[in-house]
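> Sequence:
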Amino acid sequence: MKYIKFQDKNGSFSIENPENYSGLYIPLAGENGLKSAITPSLGGDSKLDQNHFLLEPVSIENLHNNRNTRNFWCKIKGKGYWSACGVSAEQEFQKYTDKQDKNSLEAGFMWQKLHRASEKYGLQSEILSFVTVKGDAEVHLVKITNIEEEEQEITPVAVIPVYGRSADNLRDHRHVTSLLHRIRTTEYGVEVKPVLSFDERGHQKNNTAYFVYGSEGEGTEPESFYPDVEMFIGEGGSFLIPEVVREEKKGVPAGTEIEGKEAVGGIRFASRVLRPHETAVYIVTAGISEKNQLPEETARFYRTEKQVAREFEHVKKHWTEKVNVSFETGDEDRDNYLKWICFQPILRRIYGCSFLPYHDYGKGGRGWRDLWQDCLALLIMEPSVVRQMIVDNYGGVRIDGTNATIIGNRQGEFIADRNNIARVWMDHAFWPFVTTQLYMDQTGDMNVLFEKIPYFKDLQTKRGTAHDEKWSSAYGENQKTESGEIYYGTVLEHILLENLCAFYDVGEHNEMKLHGADWNDAMDMAWENGESVAFTCAYAGNMKNIAEYLRKLQEKEMFDRIEVAEEMEILFTGDRELYESPEKKQQLLRQYTEKCAHDISGNTIVIRLDQLSRNLDEKADWMMENIRRREWVKDGENGWFNGYYDDHKRPVERAENSQVRMMLTSQVFAIMSKTAQKDQIESICKSADKYLFDRQAGGYRLNTNFHEEKFDLGRMFGFAYGEKENGAVFSHMAVMYGNALYKNGYAKEGHKVLETLLDAAMDFENSRMYPGIPEYFDNQGRGLYAYLTGAASWYMLTMITEVFGVRGDLGDLVIAPALMPEQYNENGQASLTMEFAGRKLEICICNPEKKLPSEYKIKTVWCDEKEMKNKQSTCVRIERELLEKLSVKETHRIKVELM
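Its first residue numbered 1232, the sequence shown is counted upward by one per residue in the numbering used here.
Please note: incorrect hints may appear among the correct ones.
Think about it this way: if two alpha-carbon atoms lie no more than 20 Å apart in a straight line, the pair counts; the simulated SDA-like pairs of lysine to any residue are [to be verified]:
hint, residue 1, residue 2
1, LYS1365, SER1502
2, LYS1683, MET1620
3, LYS1880, PHE1942
4, LYS1974, LYS2088
5, LYS1436, ARG1415
6, LYS1683, ASN1709
7, LYS1787, ASN1678
8, LYS1306, LYS1436
9, LYS1333, LYS1365
10, LYS1921, LYS1979
11, LYS1683, TYR1780
12, LYS1537, LYS1553
13, LYS1310, GLU1381
14, LYS2081, ASN2058
15, LYS1374, LYS1480
16, LYS2100, VAL2045
17, LYS1826, ASN1857
18, LYS1548, PHE1995
19, LYS1424, ARG1413
20, LYS2097, VAL2119
21, LYS1815, TYR1780
22, LYS1480, PHE1470
23, LYS1344, SER1253
24, LYS1481, GLU1384
25, LYS1306, GLU1321
26, LYS1815, ASN1857
27, LYS1783, GLN1668
28, LYS1522, LYS1548
29, LYS1553, THR1987
30, LYS1233, LYS1974
31, LYS1233, THR1987
32, LYS2082, PRO2052
33, LYS1310, ARG1413
34, LYS1306, GLY1482
35, LYS1436, ILE1489
36, LYS1310, ARG1503
37, LYS1365, GLU1613
38, LYS1481, THR1386
39, LYS1787, LYS1815
In short, the hints are calculated from the structure, not lab data.
My request is simple: use the sequences and hints to build the entire structure.
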């Protein structure tokens, strides 16, 4: 049975009876402003941030019984009352009988449309919901149609309860904060403006107003209002069967003022008679107005059906154009799922990791890792905005190579750790260069390395092991020199500091210290002695890549030497005897961090790039050799790398006494960094297939079952096995496994990873999720934490740069496809549409014999029907200068014929 039915090539889909499945919701948001989530019965919430919720905050656990939310009632004279979105006591009961309303849903990027019909009441509803592009209002266009063959009189009542405060107030001063409410009715709706705000910022005078407005399709105002909960539901009532629709209860007129009550935007429209098959149209808007903005100034733009229809077209066009990457592989369903995956990084930029019903990642915003990984996708879709994002983000790096972990609301804003908690995730310094490298390849812009930015400064010092008691908020949040001036270093200096400090920050086994955790945040209980071999591999690969790009700088004759902070000189020490000694490396790091524990001198030294690249190569080679020699786990003919040491200094992964402990992360970064050699990669693949692969669960599990509550490593081992970080099919790391395999020429194995994951998401009977890729699949195969996952950026990037093989090389376009036979259509063609060098390109790969990647060669290359010269046999290279001669107004077709 096909549950999700796509309506076009832009991701729009329909589904029957969606309310019968738990946990479904669509994100509704603008570029700024409101961030909403909406279920098939109009449940969910809406907010600006942690401190400004329009609707009461909900989590995934109460999403299914979220009944005090948006609703639209119809009182039918002589018959009773009916909810146009299915949220009534009667309809809740009928849901489990053969009298259930007929209902379906259509949805696309940032919008949904509900359809519902009731035989009993002879009414049909259509409810279109979206948030405006500006994010200033949530808009609901409601159409009620009489499907009887006789007239019916209806009295419509719209309702949106207004929470109007911080999420913290759910249990902290819930009643007290309602006493602050000042509620007034206007000509078109209900406004709520609390006198004060009670939240983590303290008691402050409030300048924010929350509103719910309503009108008829031609712009006519409502008849009356129900502005507080008590008035709306009645004594002993509920939102499932409120008094105002049970009985003939008059509302209050415009101009009414009420204080100290829980607020609700209850709106009663005038009664009207509907002729057979006649439709009545109503509009409900809700939003949050800040400072001196008046709700009326917002709502008047969405008052008539024509205005709403115009804004809806704007919404659809805006988000469809934002997702300017598309795939055609001969399977339209898969291509549409890939469209949603490409949309997910945009959602994460807007929502962070916390503002949809799965909000287990704190109170808002994104973390350090998210800033950089989300840029990967934006480099493909919105490359023009990424350069400044990259430069600004480096401003979060400390002079000791760690970084801020509290991210502000504005780009480049980082907040000092007010709670004095040492937070160091040892993988954080790895990601910035990964993103910067992609940026340089996509654009050819290596000058970004020489942009100067400050360093972040707060109480933390010496890589989270000490506090700088001389620092205070008066000092400011930028690193200063001894003369009191803010110190500015190049992007390249920041990159070097991050990676070199990490190199020396090792534990007893000479692998990098785990500190608070690495990529797996739940590996957080081995601060003293934990080590991450996995990310030691990652940093080794990073340092090899940095060295390579330094050589490219010299080849382009841009620079042959750079200037860095004087204190860094010690970090360039090159001495194999030093590398072999954890104690000596730790001592050297202490020397460096002691020098810059508070201020730095401000003096600089000059270092030659050829010396620097050799130094980085030497360090990286030593790390890789050490890991190959010490961390390989044998299991008969198979094997894999140990990736961790626990807080008791014991290796975590092993194969002994019939117990196998294997973790996917350890293998991913060994392969991706090229620490793993060819025979080791093949052995890892066999081991992963044997011990981690579970097709029913969605693919490759994150780890085997340790059968232990291993609290000397991390809280993950307290989770049930097969859930979240403890052995679930965790999409992010699974996709990175696929990416690593493709990068090393293992297209068949990489394809298996990606396809199994996508198959699991598309199997709605098990995944129970709208299109996209989840953070992980649980033991039943349900997709959890929809939309907001870094896996989407990596999946999109892998499909483009590895599967289709379309990637930049210092600004030139390289095409080296690694598509499998089943990824072409019946004519042996597959295509990718995307932007590169500011030009919109349709790249068509023609492989009529559907040869494997290892079997084909390039036959001919065409651009807009003109054959191009190509010297390569396995890839295409088009110089940037040629691309920049193409028109920016047209889509250009590049056709690559294989033989």
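> With reference to the structure, classify each hint as holding or not holding.
Against the structure, the hints:
1. Taking the CA atoms of LYS1365 and SER1502, the gap is near 34 Å; set against the 20 Å cutoff, the hint is violated.
2. A hinted pair counts as satisfied when its Cα atoms are at most 20 Å apart, and LYS1683 with MET1620 qualifies at roughly 14 Å.
3. Distance hint between LYS1880 and PHE1942 is fulfilled; the C-alpha atoms sit about 13 Å from each other, no more than 20 Å.
4. Taken as a hint, the LYS1974 and LYS2088 pair is honoured in the structure, with Cα atoms around 18 Å apart against an allowance of 20 Å.
5. At most 20 Å may separate the alpha-carbon atoms for a hinted pair to count; LYS1436 and ARG1415 meet this at roughly 18 Å.
6. Among the hinted pairs, LYS1683 with ASN1709 is consistent with the structure: their alpha-carbon atoms are about 13 Å apart, no more than 20 Å.
7. With a C-alpha separation of about 11 Å, the suggested pairing of LYS1787 with ASN1678 holds against the 20 Å cut-off.
8. Pair hint LYS1306 plus LYS1436 does not hold up; C-alpha atoms about 41 Å apart against a cutoff of 20 Å.
9. Between LYS1333 and LYS1365, the direct Cα distance comes to roughly 34 Å. Violation of the 20 Å bound is thereby established for this hinted pair.
10. A distance of roughly 17 Å separates the Cα atoms of LYS1921 and LYS1979; the hinted pair therefore holds under the 20 Å criterion.
11. Taken as a hint, the LYS1683 and TYR1780 pair is honoured in the structure, with Cα atoms around 18 Å apart against an allowance of 20 Å.
12. Distance check on the hinted pair: LYS1537 and LYS1553 sit about 24 Å apart at the alpha-carbon level, beyond 20 Å; violated.
13. For the hint pairing LYS1310 with GLU1381, the CA-to-CA distance comes to about 13 Å; that is within 20 Å, so the pair holds.
14. Straight-line distance between C-alpha atoms of LYS2081 and ASN2058 comes to about 9 Å, which keeps the hinted pair within the 20 Å bound.
15. Only pairs whose Cα atoms come within 20 Å are accepted, and LYS1374 paired with LYS1480 is rejected, the gap being roughly 24 Å.
16. A threshold of 20 Å between alpha carbons decides the hint, and for LYS2100 with VAL2045 the separation of about 13 Å falls inside it, so the pair holds.
17. Restraint check: the Cα-Cα separation between LYS1826 and ASN1857 comes to about 30 Å, which exceeds 20 Å; the hinted pair is violated.
18. With a CA separation close to 28 Å, the supplied pair LYS1548 and PHE1995 exceeds the 20 Å bound.
19. Distance hint between LYS1424 and ARG1413 is fulfilled; the C-alpha atoms sit about 5 Å from each other, no more than 20 Å.
20. Between LYS2097 and VAL2119 the alpha-carbon distance is near 18 Å, which keeps this suggested pair within the 20 Å criterion.
21. Of the pairs offered as hints, the one joining LYS1815 and TYR1780 is violated, with about 29 Å between alpha carbons and a cut-off of 20 Å exceeded.
22. With a C-alpha separation of about 15 Å, the suggested pairing of LYS1480 with PHE1470 holds against the 20 Å cut-off.
23. Of the pairs offered as hints, the one joining LYS1344 and SER1253 holds, with about 18 Å between alpha carbons and a cut-off of 20 Å not exceeded.
24. With a CA separation close to 17 Å, the supplied pair LYS1481 and GLU1384 stays within the 20 Å bound.
25. This hinted pair checks out: LYS1306 and GLU1321 have alpha carbons roughly 14 Å apart, not beyond 20 Å.
26. The straight-line distance between the Cα atoms of LYS1815 and ASN1857 is roughly 16 Å, inside the 20 Å bound, and the hint therefore holds.
27. Of the supplied pair hints, the one linking LYS1783 and GLN1668 holds, its CA atoms being roughly 12 Å apart against a limit of 20 Å.
28. Using a Cα cut-off of 20 Å, the hinted pair LYS1522 and LYS1548 is violated, with the two alpha carbons roughly 30 Å apart.
29. About 27 Å separates the Cα atoms of LYS1553 and THR1987, which puts this hinted pair outside 20 Å; it is violated.
30. Restraint check for LYS1233 and LYS1974: the C-alpha separation of about 35 Å exceeds 20 Å, so the hint is violated.
31. The straight-line distance between the Cα atoms of LYS1233 and THR1987 is roughly 18 Å, inside the 20 Å bound, and the hint therefore holds.
32. About 6 Å separates the Cα atoms of LYS2082 and PRO2052, which keeps this hinted pair within 20 Å; it holds.
33. With a C-alpha separation of about 37 Å, the suggested pair LYS1310 and ARG1413 falls outside the 20 Å cut-off, and the hint is violated.
34. In summary, the hint linking LYS1306 to GLY1482 is supported, as the alpha carbons are separated by about 15 Å, within the 20 Å threshold.
35. At roughly 19 Å between alpha-carbon atoms, LYS1436 and ILE1489 fall within 20 Å of each other, so this suggested pair holds.
36. At roughly 15 Å between alpha-carbon atoms, LYS1310 and ARG1503 fall within 20 Å of each other, so this suggested pair holds.
37. Distance hint between LYS1365 and GLU1613 is fulfilled; the C-alpha atoms sit about 18 Å from each other, no more than 20 Å.
38. With a C-alpha separation of about 12 Å, the suggested pairing of LYS1481 with THR1386 holds against the 20 Å cut-off.
39. About 37 Å separates the Cα atoms of LYS1787 and LYS1815, which puts this hinted pair outside 20 Å; it is violated.
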